[in-house]
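Visitor: Spelled out, the chains give:
4 protein chains.
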Amino acid sequence: MHIPDLLAKIADEVADDIGKGNAADYIPALARVDTGLFGMAVAELDGTVHGVGDWRRPFSVQSVSKVFTLALVLAREGGDRVWDRVGREPSGDPFNSLVQLEHEDGIPRNPFINAGALVVTDELAAATGDAAAELISFLREESGSPTITVDEEVLASEAAHSDRNRALAYFMASYGNMRTPVPEVLDQYVRQCSITMNCAELALAGLFLARHGIRNDGTRLLERSQAKRVNAVMLTCGTYDAAGQFAYRVGLPGKSGVSGAILAVVPGRCTVCVWSPGLDARGNSVAGVAALDRFTTLTGWSVF
Amino acid sequence: MHIPDLLAKIADEVADDIGKGNAADYIPALARVDTGLFGMAVAELDGTVHGVGDWRRPFSVQSVSKVFTLALVLAREGGDRVWDRVGREPSGDPFNSLVQLEHEDGIPRNPFINAGALVVTDELAAATGDAAAELISFLREESGSPTITVDEEVLASEAAHSDRNRALAYFMASYGNMRTPVPEVLDQYVRQCSITMNCAELALAGLFLARHGIRNDGTRLLERSQAKRVNAVMLTCGTYDAAGQFAYRVGLPGKSGVSGAILAVVPGRCTVCVWSPGLDARGNSVAGVAALDRFTTLTGWSVF
Amino acid sequence: MHIPDLLAKIADEVADDIGKGNAADYIPALARVDTGLFGMAVAELDGTVHGVGDWRRPFSVQSVSKVFTLALVLAREGGDRVWDRVGREPSGDPFNSLVQLEHEDGIPRNPFINAGALVVTDELAAATGDAAAELISFLREESGSPTITVDEEVLASEAAHSDRNRALAYFMASYGNMRTPVPEVLDQYVRQCSITMNCAELALAGLFLARHGIRNDGTRLLERSQAKRVNAVMLTCGTYDAAGQFAYRVGLPGKSGVSGAILAVVPGRCTVCVWSPGLDARGNSVAGVAALDRFTTLTGWSVF
Amino acid sequence: MHIPDLLAKIADEVADDIGKGNAADYIPALARVDTGLFGMAVAELDGTVHGVGDWRRPFSVQSVSKVFTLALVLAREGGDRVWDRVGREPSGDPFNSLVQLEHEDGIPRNPFINAGALVVTDELAAATGDAAAELISFLREESGSPTITVDEEVLASEAAHSDRNRALAYFMASYGNMRTPVPEVLDQYVRQCSITMNCAELALAGLFLARHGIRNDGTRLLERSQAKRVNAVMLTCGTYDAAGQFAYRVGLPGKSGVSGAILAVVPGRCTVCVWSPGLDARGNSVAGVAALDRFTTLTGWSVF
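Chains as they are written, first to last, in our numbering: chain A, 1 to 304; chain B, 1001 to 1304; chain C, 2001 to 2304; chain D, 3001 to 3304.
Here chain A stands alone, though its shape is the one from the complex (with noise of 0.2 Å):
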């Protein structure tokens, strides 16, 4: 099916699920929002981008930031030392919890719990002194969108409610696994979280995981044995603890964030980002989730 008319055929049948959820609470800046905003682009290897409803609009970016920095930190040279400090494991339990962390002794489960999010932060802080410049600077060139960056309302909405945050990093320090100081670490987190990009962007901007480590302007980011095995947590652990369920329903690899963003991978094909604020008990987009599930079913896309 040509994209434009499938993209419309998907918004078309996901309408009644837009509005359904609730918009995430924990910050004013993000609780606000119109649940019944819905965006969807569809960005080809080429770098031709489709979309449907709002998928212009920008949003922030929250823990789709998370797949960026853990690409930009394995990129490095050495950089899969990263996992002696985070595992790749599912992690059973909410995004931010610190009951796996006691018992496994302040590693992290997988770079996409916020726990392991902080400890890829603090690799990249380590490596480059300032990882949400580092990872904006690459959003901008992927994306094609030089004035890309953090909102400062949601950033100090974030700031200030960062206790539980702050109380990971903290506890993964006690443990030894925190190399920069923790207030630096969590400075360049909430940044991260912060950036605020549209549909299109975040598309393009994750191309290189659908081109098998290949940047827009042909660099390679990753080797591809990389790339294939970030698409692999992204599969198993990018959808919080429904990550087993988003398998099930859409079949790619994908990374949510509780603004109500889902960026998506098509291996060898393209990529998908899907918004709307609208969130399940688990954090994921309602709207969002099943426009990828219509996705997979109509194209036979999904990776199984």
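Rather than coming from a laboratory, the hints here were simulated on the basis of the structure. Every residue gets a Cβ at the ideal spot worked out from N, C-alpha and C, and that includes glycine. It cannot be assumed that every hint is accurate.
Unchecked claim - Label pairs and their computed distance ranges (CB to CB):
| id | chain 1 | residue 1 | chain 2 | residue 2 | range |
| --- | --- | --- | --- | --- | --- |
| 1 | B | His1103 | A | His161 | 22 to 30 Å |
| 2 | C | Arg2220 | B | Glu1152 | 53 to 61 Å |
| 3 | D | Ala3159 | B | Arg1179 | 34 to 42 Å |
Claimed, not checked - Derived list of chain B stretches under chain C, where covered just means 3 residues or more per stretch with a C-beta under 8 Å from a C-beta of chain C:
| id | region |
| --- | --- |
| 4 | 1034-1043 |
| 5 | 1162-1168 |
| 6 | 1241-1247 |
Based on these hints, arrange chains B, C and D on the given structure of chain A.
Guide: This is chains B, C and D only, laid out in the frame that chain A set:
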């Protein structure tokens, strides 16, 4: 690469891993198997099978049986109702843990941990009267080996060491999540685990998962979407508490057993069965995982 | 204060608490007991008993039996070896939890949670052949009531609802922490729980704990230090996950049962048995705890 | 027995236990203390103190301070409101665990685990501005030692190793269970732990608990019922995850610290402070517990 050459190359490359790890020691019949054995078979969509090493030597299928039992339940009218009784999320706990069950009111995390497999067996038992007989009949037909049967010595050994599974079953019964009397479910469960097959037979029996639901006789066992979903559950939950690691290294849906067998699926291409009794700390075959890692690296046939 | 007057005053003061809470509902025989009942008895060291309300009305002793079984085990030659199989620490979990058992390799936290009591019963069963018969014989002698026996209706009900306890027992068996076959231990365990007594009889039967180990006939059951230690375990572990709260409010060693009975010990002075079927969320009698709270406040006889 | 003779006899009997175990090693100031030291003091109700061994040698009070902070909070108008923020149940987990906090929504199990003591410190800080100053003032008055103060070296060491406690505090803050800014609470908390006293001083300072709430100057700090209740919390929660074992062996309310100190209370009779730096696996002084065990055995002064 020509598959026979590929298999020879893999066998050569993993030679150092063969013999590593320990055979499962909870029952004598498994403990005394030679960890120096290694077999691998690839079954193509048309039923052609290639093998290397001990690929025709029989072993007990153990937990690899769980994927077939699940498929047989899902294939039945209303089979999806099994998902009311068992989840689809990775467990984050060892395969025989009771902790999660207690926190989640007697609903096992997924059909591939022991508790979940007991529920699936119970469903098949309730529907057919004899889950093990149903399974054996299916395995015989798909593999073309009419003599496939239970190893009575392994069965006796399993039955004599089933206190933990018995505890799991009664625990679920206490939450109302058992339909058949516990002793009967346990009996059928251990019979399934004690079925003896070789790599070629298992690879053939699993081909319906590579063929999107179509059996060897051309009839449909599962809907296309159901087959994809079984593959998704294998990828996220099929290798105990190492599913993330397996997805990362191998990148294929796979189901392992404590006898050292692993059945992996390349959707649309083939199945692979590897067997070597030496297990790593998480219960997966050391040489088996290494061989599958080589397989996807050499062929590029990871799903990612 | 004169004890009969004291009891009358307490009954008056807790009148508003009688009927609060819910009767245990897991078996019909307990669920239909009138929560408006209330009885209380005090047994002095010389065997004089005073009572108020329904103090002569029989009820099933349920978990109050656990303290006697423990004492009978400890009284035997080498009885202290039971501490190799069960701990002495408060559990921090509900009385029938399996979580702790798994984290601590099949060793229950203390003898008063169900798992621990199963171990203690197993010890007595292994030593005597019939733990329940041994217990009944002891209770008859101490209370001077030769007709004390099991309520067959309660027993049948308990036996039909014992999946959880069966799971606990098989789980411990899987760790090698069961000497007698599980069905036999369970049978003797539920028989103990189903013994029927009244407040006067229970208070009399417990007097050896107030007399530092001396039975009603003047012979010694336990060494002085052993009797003190049983009291210590009652105080730290006797009221499920509310032992801290009970120590705080009441300040006496006590053991409760889901029938609404509580046996408390004032070392060197007396025993108190109170019964009222309405339970709080943690399984202790609402009016019973309130009455004991009044008792220690009015007499000053807390151990602290 | 004459108390000086008793103390001499105990010191003699536990000679073999002195030096066993290891000094706390998380901060250098504690790690290098000689484990061969042993001191014990008994304070009678009238303020007479007897001692043996190193009973006049100062050590940092560490967690023994927690019992005084709790008493100072309870002594204040409305002090009972602290129980809305912290429980009174034994924890069943190590003293610095976060697991329980997460399962129980940021409410620590009891005031004697670190998380609970941070809440109690927060209460005193919120009420007085400086919890540590308030505590030091109280300890000086009760012990008659106006020079009691913080050991600055220990303080610096504690402050430099407080990531875990910082994690606990931020974690509770994320549940809204911190009133004072976390850095301030932590500062006052580590100051309390770093106070230096000797056995005689601690025994004197704790006499109000043996006198049912009456201070050394005859004024009342706590109501009689409050004093009993503090003793109850000490007995059920005062010795970390070994409270049941301590109640069983010693049978007295007691509070231990990782410096090897234990303060025990014989209600209506005396207090006992014992100190020896070698700790068992659960963080209690090996020789200290042995000495208290001998003490209650020889005197018969257990509360049971």
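Visitor: According to a criterion of three or more residues whose C-beta lies within less than 8 Å of a C-beta of chain C, is the region 1034-1043 of chain B covered?
Guide: violated (count 0)
Visitor: Taking 34 to 42 Å as the hint, is the beta-carbon distance of Ala3159(D) and Arg1179(B) inside that range?
Guide: 59 Å, violated
Visitor: Holds or violated: 53 to 61 Å for the Cβ distance of Arg2220(C) and Glu1152(B)?
Guide: For Arg2220(C) and Glu1152(B) the Cβ distance comes to about 56 Å; the hint holds.
Visitor: Residue count check for the region 1241-1247 of chain B against chain C: does it reach three with CB-CB under 8 Å?
Guide: It is violated: at least three residues are needed, and the region 1241-1247 of chain B offers just 0 whose Cβ sits closer than 8 Å to chain C.
Visitor: Establish whether the coverage given for the region 1162-1168 of chain B by chain C is satisfied; the threshold is a Cβ-Cβ distance below 8 Å, and no fewer than three residues must meet it.
Guide: With 5 residues closer than 8 Å to chain C, the region 1162-1168 of chain B meets the three-residue bar; holds.
Visitor: Take a look at whether the Cβ-Cβ distance between His1103(B) and His161(A) falls inside 22 to 30 Å.
Guide: 27 Å, holds
Checked against the numbered hints given earlier, the structure breaks hints 3, 4 and 6 and satisfies all the rest.
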